[in-house]
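Take a look at the letters that make up each chain.
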Amino acid sequence: MSSPTSQQPACPSARERLWRGVRLGFPIFLGYVPVGAAFGILARSWGFTSAQAVTCSATALAGAGQFIGLSLMYGGASVATVLLATTVVNLRYVLFGATLSPYLRGNAMPTQLWLAFSLTDETFAVNIDDNRRGLADAASMAGVGIVAWTGWVLGTGLGALGGSAIGDPTRWGVDFAMPAMFTALLVAQIEGRRHLAVAALAAVLAVGFMLVLPGKWYIIAASIVAAFVGAVAER
Amino acid sequence: MTDGYIWAVVIGMAVANFAVRIVPVAVLSRLRLPRPVERWLSYIPVSVMAALVVGEVLRPGGDWRSLADNPYLLAAIPTALIYHRWRSFLGATVAGVLFFLAFRALLG
Chain A
1 MSSPTSQQPA CPSARERLWR GVRLGFPIFL GYVPVGAAFG ILARSWGFTS
51 AQAVTCSATA LAGAGQFIGL SLMYGGASVA TVLLATTVVN LRYVLFGATL
101 SPYLRGNAMP TQLWLAFSLT DETFAVNIDD NRRGLADAAS MAGVGIVAWT
151 GWVLGTGLGA LGGSAIGDPT RWGVDFAMPA MFTALLVAQI EGRRHLAVAA
201 LAAVLAVGFM LVLPGKWYII AASIVAAFVG AVAER
Chain B
1001 MTDGYIWAVV IGMAVANFAV RIVPVAVLSR LRLPRPVERW LSYIPVSVMA
1051 ALVVGEVLRP GGDWRSLADN PYLLAAIPTA LIYHRWRSFL GATVAGVLFF
1101 LAFRALLG
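Just so you know, the sequences run in chain order A and B. Per the numbering used here, the very first residue in the first sequence carries number 1; after that it's consecutive. Per the numbering used here, the very first residue in the second sequence carries number 1001; after that it's consecutive.
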């Protein structure tokens, strides 16, 4: 190519694919800022410094796991108990990682490390959908992770430093940003009757498991059973 | 809470959360999974999404909401329709938040 700057490349560059991921993950950012702020406010009021709160969000990126850890710490639990609880809460990432792993095969080690580190409910949902359409690659998935991580850390920092000055972010309806995104992702996943049936089964099972299991275990339990029924019915 | 205790938890959480994420990726991205397992995993995303939506609209923030008086549940319906029609995640998310605000205002 004689003048690469003036011509549109046939294949988007890594930077363009990264930006595509950032745009794709923007709804996650909108959802994470207020929840991260809530963590920052809570952590500060329970004895964390701002630096500790932000470090925790930046290195754990654990959502519910962080909140549960915080409440156990407040209750005087030992370090081991807190770590066990946060690990158990986030065991669903084992399932997510297994589901994503075929798409991660063949990527460089630092890329795999980042994609694994930035794996959350939301980044998993966005990336698995994008992979299914054949659009995702390592750069776009990294972009989704970057924008999600930025939202979580920025939110925590705002909450820890700004605290009460921010007021209640829920008055802007941001608490529906994540449910709205999951709803759209669910619709995107349903291709054909079998998927619709599996989704309906998972929904019913989720309600049942929510009544009997603590925390977020209903997600794992409902998914394992509903996907099993779908796989058996396919044979 | 002492400073040392908090830092021990912060560092431990970073290690624990990275471990649960990296182990399946590191192990499974090197193996070819058996066909039945791959078929089972292919239904995991739609199942996870359905379970997540149910959790988020029926028990937002960990508290059960009634079916009749629930702006989360009501707003999820136009959100799904908007995504189905226009296929835009950002558009559906923004529209969903606006519907949520409207339903929350209407329900008081």
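Calculated directly from the structure, the hints in this document are not laboratory data. Be aware that a few hints might be false.
[Stated by the list, open to error] Chain B side only, calculated, beta carbon under 8 Å to chain A, not exhaustive:
hint, residue
1, Ala1014
2, Trp1040
3, Val1048
4, Gly1055
5, Leu1106
Yeah, the Cβ is synthetic: ideal placement off N, Cα and C, and Gly gets one too.
Hint by hint, here is what the structure shows:
Hint status for B/Ala1014 relative to chain A: holds, with the closest Cβ pair at about 4 Å, below 8 Å. This hint holds: B/Trp1040 has a C-beta 4 Å from the nearest C-beta of chain A, less than the 8 Å allowed. A distance limit of 8 Å between C-beta atoms decides the matter here; for B/Val1048 the minimum to chain A is near 5 Å, and the interface restraint holds. Restraint check, B/Gly1055 versus chain A: the minimum CB separation of about 6 Å is within 8 Å; hint holds.
Interface restraint check for B/Leu1106: the shortest CB-CB distance to chain A comes to about 13 Å, outside 8 Å, so the restraint is violated.
Comparing the model with each earlier hint shows a violation of hint 5 alone; every other hint is respected.
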